[in-house]
Amino acid sequence: MTIAAISTSIGEAGIGIVRISGKKSLDIGNKIFRGNKVEKLDKSLNRRLVYGHIVDGERDLLIDEVLISFMAGPNTYTREDMVEVYCHGGIISVRKVLDLVLRNGARIAEAGEFTKRAFLNGRLDLSQAEAVIDMIRAKTDKSFEASLGQLEGSLSNKVKNIRNILLEMIAHVEVSIDFPDEDIEEVTYEDLERSAYTVKEEIEKLLSTSQRGRILRDGLNTVILGKPNVGKSSLLNAILRENRAIVTNIPGTTRDIIEEYINIDGIPLKIVDTAGIRVTEDVVEQIGVNKAKETVEKADLIIAIFDGSRELSEEDFEIIDLIKDKKSIILLNKTDLPLKLTRAYLKSLLGEREIIDSSIELGTGLDILEKNIKELFYSGQVEINSDTIVTNIRHKSLLEKALENISQALIDIKSNVPIDCIEVDLRNCWEDLGEISGDTVGEDILDKIFAEFCIGK
Amino acid sequence: MKEVKKYLAGDYDVVVIGAGHAGVEAALSSSRMGLNTLIMTMSLDSIVALSCNPNIGGTGKGHLVREIDALGGEMALNIDKSFIQSRMLNTSKGPAVHSLRVQADKKKYHMEMKKVLEDEPNLTLRQGEIVDIFIDDTGVKGVATRTGAVYNCKAVVVATGTYLKGRVYIGEVNYESGPDGMFPSLQLSDALRDKGFYLRRMKTGTPARVHKDSIDYSKMEIQPGDDEIIPFSFLNVGKDLSREQVPCYLTYTTEKMHEIIRVNLHRSPMYAGEIEGIGPRYCPSIEDKIVRFSDKDKHQIFIEPEGLDTKEMYVQGASSTLPEETQLEMYREIIGLENVKFMRSAYAIEYDAIDATTLKRTLEHKEISNLFFAGQINGSSGYEEAAAQGLMAGINAVLNIRGEEPFILDRSEAYIGVLIDDLVTKETDEPYRMMTSRAEYRLTLRQDNADLRLTEKGYKIGLVSEERYLRTLEKKNAIESEINRLGKLQINPTKENNEIIKQLGSSILSNPVSLLDLIKRPELGYDIVGPLDLNRPELLREIRLQVETEIKYDGYIKKQMIQIEQFKKLENKRLDQNFDYDLVRGLSNEAKQKLNNIKPDSVGQASRISGVSPSDINVLLIYLEQRRREERIGSNG
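Going line by line, the protein sequences match chains A and B. Numbering that gives the first Met the number 0 puts the first sequence at residues 0 to 456. Numbering that gives the first Met the number 0 puts the second sequence at residues 0 to 636.
Hint data in this document are derived by calculation from the structure and do not stem from the laboratory. Nothing here was measured: the structure is a model prediction, and the numbers come from that model. Each hint should be verified, as a subset may be incorrect.
Unchecked claim - Below, a list of computed lysine to aspartate or glutamate pairs in the EDC-like style, where the Cα atoms sit at most 20 angstroms apart:
id	chain 1	residue 1	chain 2	residue 2
1	B	Lys-164	B	Asp-135
2	A	Lys-447	B	Asp-421
3	A	Lys-413	B	Asp-421
4	B	Lys-365	B	Asp-135
5	B	Lys-572	A	Glu-112
6	A	Lys-413	B	Asp-553
7	B	Lys-295	A	Glu-351
8	A	Lys-95	A	Asp-26
9	B	Lys-558	A	Glu-181
10	B	Lys-295	A	Glu-181
11	B	Lys-297	A	Glu-184
12	B	Lys-295	A	Glu-403
13	B	Lys-297	A	Asp-180
14	B	Lys-92	A	Glu-185
15	B	Lys-295	A	Glu-430
16	B	Lys-297	A	Glu-430
17	B	Lys-92	A	Asp-182
18	A	Lys-373	A	Glu-351
19	A	Lys-447	B	Glu-439
20	B	Lys-425	A	Asp-446
21	B	Lys-92	A	Asp-446
22	B	Lys-92	A	Glu-192
23	B	Lys-568	A	Glu-112
24	A	Lys-447	B	Glu-429
25	B	Lys-558	A	Glu-403
26	B	Lys-295	A	Asp-26
27	A	Lys-447	B	Asp-189
The whole structure should be built from the sequences, with the hints applied where relevant.
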C-alpha cells in the first residue's frame, strides 16, 4: 500500500509538506500534478524540485501552486519510491492536497508508519529499534486517544447508529445464508435496498458536514473563560458578528458549550464558549462547569475575561488557577465602568502575560485581541494540535471508503446480485466505520444472529 | 481396586483413541501414508456413530466434507454410499454458499466405514478402552487399555468425542454415560488431569427418537430430496448415485406444548443450574427457544428417518433436558405427534474437553511432542468439524514422525484452515460449529472448487492418487481455456444476435462485446447464452458451473484476492514457538500475557488474538526485524 500524510507541523507559517511513500507514489504524483515546464514526473527528475500546480482533474479544480519532488527508492527515508509536495502552509491547502492524494489511491499513514517502514526496510540503524518501538507505541496511543476524544458526542453516536443498521443487514444476510432451513424470514432485496439507502444517506450527511468543517474540528482550539456575566458570550458574538449565543445578564445561561468556527486573517479558530466557572449547587450547571474544566485541558489557547468593575471573586481565583500553565490572553473587561480591579494586581497574579483593556460593550480592545492571537500563532507560541487533524483526515477518508462500499452494495442489490456477494461490500463498509469508532470485532455478527433469530435444530 | 497387570500388546507408529468421525479420518490418513496404525474404540458397534442428527453436510459443513474429500479423506465417499436423501441448499443464493446436505442411513454409514477400516492394510481396528497415555520428556511413548494391554507408539491422536467423563441428563435423573447408551470413558479423563491437563465441561443435547408408525404424516409437509443427485465426493462425479429417496417431514410446535414446557421448566437441569457445561447457541434445546423467543407461537420441527432398516425417526428441533414424562407429554402436543411413541428419550450430555489454545495449528500439543487432539474434545461440535480435524491430526502425526514440515491450511485456503485457526487461537466458550460467515474469503472458498483448491496438496501429502491429481489438473485447464475462449469470442450487434439477446430477456447490443462480458450480466449465464455460442465445446456440468462462477463473480473474487494477499503478508511472518514475549519492550501487558499463552506461529495469527491490538502488532514487527538483523550480524561476525 502507498501511504500519505502531512509531514510538517500543522499551522506553521510558510510551507506545508505532503509526503507519499510506496509503489504508487509516482503514479499518484502524476495524476495530481500539472507542471509548468515539465510534462510528467519520472526517473530523470529524481530528486529534483519541479514547479507547477496541484489539480483535481476529476472536478477540474486548481488546488494549489506547489513545488514537487520525486525520489526513487531505495535512496529515500522509507527506501520506497516517494513523492513530496511542498504547498502553501496552513491547514487548508495541505489538507486539500492530502485529500486529493488519498482519493487517487493512497491510504492515510498510521501514526509513525513512515518511520516503521523506514526501519522495516532496513533504513534505520539497529540501535534505533527501541526508539522506533517507543515512538510508534506513543504515537499510536496518542492518536488513539485523540480519536476517542473526538468521538465523544455526536459523530460517535452517528457512526454507531449507521453501524447498527449495517449489523442488522449483515446478520440478516448471514442468517439467511447459514440457516436456510430455519423458520425465519429470509432477507429480501427490498429490505436490503431500503437499509442500504439509509446507510448511504447517513454517511453522505456525515461527509457533507465534515466538508463544512464542523465535525472535523480543525482549528486553533480557543476557549473563552470567565465567571458568569463577565461578557464571554458578548465577546463571542462580537467576534462572530452574529447572534449565536444567548446574551443575558442572568448568570449561568450559557450552560452548554458553544462552538464556533471563524477565521482571523487565515488562522482557523474554533472558539469554545463555556458555561461560567462558578461554584454552584445547580446540577445542570455543574455539568457545564465540569465540562468547561475538561475543555480547558484540551485547549490550544485560552482567552480569560475578568470584570474590571468588580473585585476578584472566588470564581476568578479558580480561573486563575486553571490557566496557570496554559497559553492565554487576558481581557480586563468593562473598563468603561469605574475600575475596582487593577492591571497591576492581575499581573501580579498571572505573571508575564498580555493583558488587554477592553469594553466588549463598546467594542474596544477587540482589534488588539485579534492582533495578539495572530502574533502568538505566527510566532509559533500556540500550535494546532495536529493529532486531531490527522484523526480528522483519517475519519474522512474512512467515511469515503465506507461510502464507496455501500454505493457498490446498493448497485448490486438493485441488480439482484447474490446476497453472499453483496455481503462483501456490506461487511467492508461496516469495518470501515468500525475503524472510526475503534472496533471491528467479527463476533458481533454471530452474537447478533443468535440474539435476534431463533435458530438451531 | 486391584492393580491391573499390564502386558506388551504391540508396537505401532500411531495410535488413535476413538473411532468416531475424527478418529477414523486420523487413522485412515496415517495408515494410508504408510505408517503402522492402531485405532481403538470403546465399541466396534459404534464406529462413526451418528449419535445426534442423521445428516451430513449443510452450510459450512458441506464445504468441510468436500475439502476432506479433496485431501483424500473418507467422509464424502462414505456418505455417498449411505445417503437416503440428498438436497442442495441455498441454490437461490450465490454458488459460494450452495451447500449439499444429505440424510444418512446411520447403520449403513457405520457399516460402510467399518468395512473400509477393516480392509485397510496398515491399520489395526481393535475394541478396548484406553485408560492411560504414557508420556516422558521426549513426548508420547504409548497407551494402556483397561484390560492391561500396553501399545508402544510414536504418536497418539486423542479423539474421544463426548465420552470423557460423559454424564447424561434427563430431568432430575443423571448418570455417567457415553452418548446414546454407550459406556463413558472415566479413567482417561483422570489420567489426563493427573498429567496437568486443564479439562473443561461442555454440553450438547439430542431430541427423542420416535416410532415411525406412531406419526400422523397427513398433518405435515413432506420434504422430498432433489431430483438431480450431486455426489459429495469428487471421485463420484459423473457416476450415477441415484436411488430411491426417503422423505423428511416438516411440522410445528404448538402453544400448548410451550405451556407444558414453561410449567416444567424448573425440572430442567439446565434451568436448575445442575449442568455446568456450556451448550452451543446454534443448537438450543426447545426449552431455550421458548424462553428466549417467547413471542414466537410456534417453532419448526423436522421428522427425519434414521435409516432404511429401522422405524426410528429423529425429531429435529426438539432437543430437551426435561424429565422423560414431560418430554412425552409435550411431544404429543406437536402437530402430527398426538399419539407418538418414544423409542429413545431426549437427553443432554456433559463431557470433558481440553482448552484447544494449548494446541499448535497441527493439532499437536504445544508442550507434549507427538500428542495430538481432534474432534469434540477440542471444543468443536459436529461430525464434519470432527472429521476435518481428525484428517489434519493424522496427517501431521505422520509428518511429525517422519521429521517433515507440518501440513497447515490457512484461512484463505480452506474452511479447514478457518476451523483449526479459530479453535487454537480464539478462546471460545461454546462448542464450535462451522458457518460460512466465519470464513473471511467465502467467495473463493466454495464447495464446488474444493478439488481445485486442495487436490494438489492431498497429492503431495500422499493421500491422493496420481490419476486423481492429473484429472483435477485437466479440469483446471478445461476451465481456464473455456474462460479464455469466451473472452475472445466477440458478439456483434447484428440483427440476429440482438433478436436472441432480446428473447433471453436482456438489453440489446449497440457495440460488439465478448461473450464473457455478456455472461456477466445478472440475467444471463453460461448455459443461457448457448444460442449465441453454437460451436461451444461439450463440457461437464461441473466445469460449466466453474466457468460461470469464475466469470460472474470475477469482480468480487478479485477483491477477495487482494485481501488475501494482504492477509498472507502477516501469515508469512513466522513467530518462534519458544519465544518469550515478556522480553519485547513496548507490548501491552495484556498482549504479553495472551501471546505467551497462545504462542501464535505467525504475526497473522497473533493479530487475531483478542487483546492484541494493532499497535502491539506494530511493535512485534519492529522487534522481529530487529532480531533478524541481529542474527544476521551475529552469523556474519
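Each hint, compared with the structure:
Using a Cα cut-off of 20 angstroms, the hinted pair B:Lys-164 and B:Asp-135 is violated, with the two alpha carbons roughly 25 angstroms apart. For a cut-off of 20 angstroms, the pair hint linking A:Lys-447 to B:Asp-421 stands: about 19 angstroms separates their Cα positions. Between the alpha carbons of A:Lys-413 and B:Asp-421 the distance comes to roughly 35 angstroms, so the proposed pair goes past 20 angstroms and is violated. Between B:Lys-365 and B:Asp-135 the CA atoms are separated by roughly 14 angstroms; this keeps the pair inside 20 angstroms, and the hint holds.
Proximity of B:Lys-572 to A:Glu-112 is assessed by CA-CA distance (about 18 angstroms); at most 20 angstroms being required, the pair is judged to hold. With a C-alpha separation of about 18 angstroms, the suggested pairing of A:Lys-413 with B:Asp-553 holds against the 20 angstroms cut-off. At most 20 angstroms may separate the alpha-carbon atoms for a hinted pair to count; B:Lys-295 and A:Glu-351 exceed this at roughly 73 angstroms. Of the supplied pair hints, the one linking A:Lys-95 and A:Asp-26 holds, its CA atoms being roughly 18 angstroms apart against a limit of 20 angstroms.
For the hint pairing B:Lys-558 with A:Glu-181, the CA-to-CA distance comes to about 31 angstroms; that exceeds 20 angstroms, so the pair is violated. Between B:Lys-295 and A:Glu-181 the alpha-carbon distance is near 13 angstroms, which keeps this suggested pair within the 20 angstroms criterion. The suggested pairing of B:Lys-297 with A:Glu-184 holds, with an alpha-carbon distance near 14 angstroms, which does not exceed 20 angstroms. Proximity of B:Lys-295 to A:Glu-403 is assessed by CA-CA distance (about 39 angstroms); at most 20 angstroms being required, the pair is judged violated.
Taking the CA atoms of B:Lys-297 and A:Asp-180, the gap is about 15 angstroms. The hint holds against a cut of 20 angstroms. With a C-alpha separation of about 11 angstroms, the suggested pairing of B:Lys-92 with A:Glu-185 holds against the 20 angstroms cut-off. With a CA separation close to 33 angstroms, the supplied pair B:Lys-295 and A:Glu-430 exceeds the 20 angstroms bound. Pair hint B:Lys-297 plus A:Glu-430 does not hold up; C-alpha atoms about 36 angstroms apart against a cutoff of 20 angstroms.
Distance restraint check for B:Lys-92 and A:Asp-182: the Cα-Cα separation of roughly 17 angstroms lies within the 20 angstroms cut-off, and the hinted pair is therefore satisfied. Distance restraint check for A:Lys-373 and A:Glu-351: the Cα-Cα separation of roughly 18 angstroms lies within the 20 angstroms cut-off, and the hinted pair is therefore satisfied. Only pairs whose Cα atoms come within 20 angstroms are accepted, and A:Lys-447 paired with B:Glu-439 is accepted, the gap being roughly 18 angstroms. Restraint check: the Cα-Cα separation between B:Lys-425 and A:Asp-446 comes to about 15 angstroms, which is no more than 20 angstroms; the hinted pair holds.
Taken as a hint, the B:Lys-92 and A:Asp-446 pair is broken in the structure, with Cα atoms around 23 angstroms apart against an allowance of 20 angstroms. Only pairs whose Cα atoms come within 20 angstroms are accepted, and B:Lys-92 paired with A:Glu-192 is accepted, the gap being roughly 17 angstroms. For the given pair, B:Lys-568 sits about 17 angstroms from A:Glu-112 by alpha-carbon distance, which is consistent with the 20 angstroms threshold. The straight-line distance between the Cα atoms of A:Lys-447 and B:Glu-429 is roughly 16 angstroms, inside the 20 angstroms bound, and the hint therefore holds.
A hinted pair counts as satisfied when its Cα atoms are at most 20 angstroms apart, and B:Lys-558 with A:Glu-403 qualifies at roughly 14 angstroms. Annotation: proposed proximity of B:Lys-295 to A:Asp-26 is violated, straight-line Cα distance about 59 angstroms (limit 20 angstroms). Distance check on the hinted pair: A:Lys-447 and B:Asp-189 sit about 38 angstroms apart at the alpha-carbon level, beyond 20 angstroms; violated.
In this structure, the earlier hints numbered 1, 3, 7, 9, 12, 15, 16, 21, 26 and 27 are contradicted, and the remaining ones agree with it.
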